[in-house]
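Hints are included, so try docking the two chains, each in its own frame, into the full complex.
Okay, here's what each chain looks like letter by letter:
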Amino acid sequence: MIISIASGKGGTGKTTIATSLALSIGRNVQFLDCDVEEPNARIFLKPQIEKVEKVTVLVPEVDENKCDFCGKCSEVCEYNAIVVAKNKVLIFPELCHSCGGCVLFCPQKAIAEKEREIGKIEVGKAGDIGFISGILNVGEAMPVPMVSAVKRKINKEKSVIIDVSPGTSCPVVEAVKYSDYCILVTESTPFGLSDLKLAMGVLAKMKIPCGIVINKYDSTYTKTEEFCKQQDIPVLLKIPEDRKIAESYSKGEPLVKALPEYKNEFVKMLERIKK
Amino acid sequence: MKQITVISGKGGTGKTTIAAAFASLTKSKVMADCDVDAADLYLILTPEVKEKHEFSAAKIALVDKEKCIECRKCIEVCRFSAVSDNFVVDPVSCEGCGVCYRICPTEAIKFEEKISGYHFVSDTRFGPMAHARLEIASENSGKLVTLVRKKAREIAKNNKLDYILIDGPPGIGCPVIASLTGVNLALVVSEPTLSGIHDLERVIDLTEHFKIKTLVCINKYDINRENVRRIEEICVKKSIKVAGKIPYDTEVNRAMRMEKTIIEYDPQSEIAQEITRIWNMIENEV
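Protein chains in written order, with the working numbering: chain Y, 1 to 275; chain P, 1 to 286.
Fair warning: there could be bad hints in the mix.
Claimed, not checked - Which chain Y residues stay away from chain P? Per the calculated CB distances, all over 12 angstroms, these:
#1 Ile49
#2 Lys54
#3 Val235
#4 Pro260
Said to hold, decoys possible - DSSO-like, lysine-lysine: derived pairs with alpha carbons at most 27 angstroms apart:
#5 Lys72/Y - Lys237/P
#6 Lys197/Y - Lys143/P
#7 Lys197/Y - Lys59/P
#8 Lys237/P - Lys120/Y
In short, the hints are calculated from the structure, not lab data.
We put the beta carbon where it would ideally sit given N, CA and C, even for glycine.
If we strip away everything but chain P, and leave its shape as in the complex, we get (with noise of 0.2 angstroms):
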């Protein structure tokens, strides 16, 4: 079984279009979507949706005004300013450390889980998918990514599966690094603009902190081939192979529209055949 993560530090790359025709370019795997925050991978894959669990990481402090004597105590010790004046917590702002609770005189604070998101085992026409879906402004992304791998090497184990293919999240933070520890490979998608370049090397360097098998392949390439080359230069100083350069085209769009691949969508297309190539690249590398 390997593990295969599509990242790119920079949203809005292409993960999730290349992640999505990855499914159908592989039969034995199953799909990931380990961007909880935003996921998407769904309005492609459409799945169907076989198991659905709570996800709850986090306790949240609650006051029972009957029991409270407005010592304040909780207030003053409260590092994220989220017990207001009136004794009321904010439930945004509370990182459910639990202080409040512990140094309540009078036990008159409640510290109970909440349920931070749900986790769903489902079936695509692409096979099995594990995903996820964070309730909105909630905490602990990392860990609802860590279940979302647990149920996938689950999945992957019990039907002898070759791969797992995970989505990730844009950035370098939690649910990044839970979405890449302990995979064989990493695939950045890059884009040939400054921001991009910038975020590119902010994320390699994330990958070579833990020591990840990296490759990159160039989204957009025709739209700045200069830059193209300071991303080859980048990954050449960097011993990093380049996959593969996708062209620029908003037929991609049109595929998502209909809920296709851009496989399925047109697979004698330009974009179709350098994905084909970079996904037989990744086979060759793990």
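With the rest of the complex left out, here is chain Y (with noise of 0.2 angstroms):
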């Protein structure tokens, strides 16, 4: 089983829940962090990384002997990777999508390409838990590729647990394609509830179910309550605001391990959502 972990809005508790998910089923897992930009699940997962792979991705390298700056290439990127000047043929790496269109439609076959690195993948062990993450390098503009070569590291065999990045835009959509359940993690606040309508929306497009866990929760804010019960989606946990579970959170304590009472519950909320 595939469980995503997203949120719309930032700081909400993804990695919190995605770390204590993982932790609470002890054997048998895989966690992915698919926030490439900003990796975090490592300081809670704390994991021995035995190796790290580097990801590339594919850019066109012009054979300036064969090119006729005819523009052709130019002509078909919608990227705007790729200028033709009079005999010079500037290439943009990082706008560049790897389609691969300007290959095929080069009429003098003077383009091939070559790879280029945007990032890494650290694949290693946390106790039981098997831990890979994707590592976008700073400058990078594209975090989508480096979405992709995490999941290619999925073990179907396993409970997969992805940690994704805040948002509702292309790295979101990726990393949560083909999960069987989305845990979408909200806070008692307008902004979480406004990112929550957002972020239920992707999932709704995808066509995945999902259910929503509410950290920092505040009872004297019904909002997000109403709105979870007016659209039919369970609210599988509640996690009080509490300065202690902040300051255990800014040291890098996991929440099951700083308060083991939660890992009932997490256990009880995988038994909700495999129903």
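What follows is the structure, given as structure tokens:
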């Protein structure tokens, strides 16, 4: 079963929920950190890293001996990643989406592709948890190929937990794609609710079932629960706004280690999701 | 005209709360909400929309079954596995490269612009605001950010405003880069958590990479003072000033629920006073 943990709004507690869920399952579980821009799960799971792999994307390389500067490559590139001047071809690799169009349509067959590194993947173990984390190089604009590379490591024999980046755009879509279930983590604030609605929109579009965890729960803010009720989306767990939880988080302590009484709550949540 | 971007790396550290507070501290400015994925500034500034524009930066492929001879060429060339075995393009997977449309021997594939979002110009009680809404699960958030910033620049220029205040997105990817290019100063809102420190280091590497003057402020500083010292050490090493330290206080959530900035809600609070000091420092730095 593949469960992803997403949120819309940042800082609501995705990594807290994802790491604690993985620790509560304990065995036969694989953890994927797909928040490749800011991968933080390693802080909480403290994995032993066994290997580090480079992640590359393909970018065009023009053989100027074969090129007759016809401009076809530039014409077919939807991303403005190739510009052809009078006798020079300029390539902007950071804009390239590796679609291969320029290679395919070059009449002179003057374009080949070469690998360009955009980040790395750490593979290791945190106890019995298989740990995989994608780390995008600083200055790289496109996280999606990194997320896809991390997801190619999925072992379907295991319970797979995916920690997703905040937001609602392409890296989030790529990370939650093919999940059997998605846990959306929100907080008891108008910001949390507004972004929860957006995240639910993404999942509805992708036809992925979801449930809600309300973190930093404040019983005086009732709108989140009202909304969930109205949408018929289950509230799986509420974790109160508590300075102690914030403090243990600040030290990199997983919630279920700092407050072991939550472990049972996570096990129950998992059983509910499986149903 | 000076442009200031509030970013954080890690989400949920308090970017929007601080950006909104700045809105009530300075008169001559336009606000730009560049967190187009999950825009929240509107919840405090309650803008009245004056202009709404469509944003369509991406195209999408669509197979016309009548003309399709099922030669599978499109499936073969698509690097994004967006064309299914029964020749239907998955709009979520399609990256709009157009390779299928160009390769199709019977011109059975249409390749048309799709609406990826909307951008707005609005009035608020603090003056004009440029903002946007990316369609759910869309791409090109970087381009939409660039558009919001362009609108904000026009407004600032036409009204001779001193500042463009940009509320940036979390992360370090394309919309963040688009929120940062060419600004006068980036304020990084950090928090003294190990995750916060990890993400702060990555985001200041990013501002360094783009040679942008950077200030750091530490939100919720009193939850872990040892981590505050670590942040201060990192900043010393990078020759970055720490502009201020804001205490942990759930009152900010109450202010948010009342659609008020923390300055409006309680100007005498420690948070409000510290944010005011941070703003004064920014004004001195730019």
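These are the hints, each one checked on the structure:
1. Taking the minimum C-beta to C-beta distance to chain P, about 15 angstroms, the non-interface status of isoleucine 49/Y holds against the 12 angstroms cut.
2. Every beta carbon of chain P lies more than 12 angstroms from that of lysine 54/Y, the smallest distance being close to 18 angstroms; the non-interface claim holds.
3. A cut-off of 12 angstroms between C-beta atoms confirms that valine 235/Y is not in contact with chain P; the least separation is 19 angstroms.
4. With a cut of 12 angstroms on Cβ distances, proline 260/Y stays outside the contact zone with chain P, its closest approach being about 20 angstroms.
5. Restraint check for lysine 72/Y and lysine 237/P: not satisfied, since their Cα atoms lie roughly 49 angstroms apart, outside the 27 angstroms limit.
6. Note on lysine 197/Y and lysine 143/P: the hinted pairing holds, with a Cα-Cα distance of about 23 angstroms set against a maximum of 27 angstroms.
7. The suggested pairing of lysine 197/Y with lysine 59/P holds, with an alpha-carbon distance near 26 angstroms, which does not exceed 27 angstroms.
8. Simply put, lysine 237/P and lysine 120/Y have alpha-carbon atoms about 26 angstroms apart, close enough for the 27 angstroms limit, and the pair holds.
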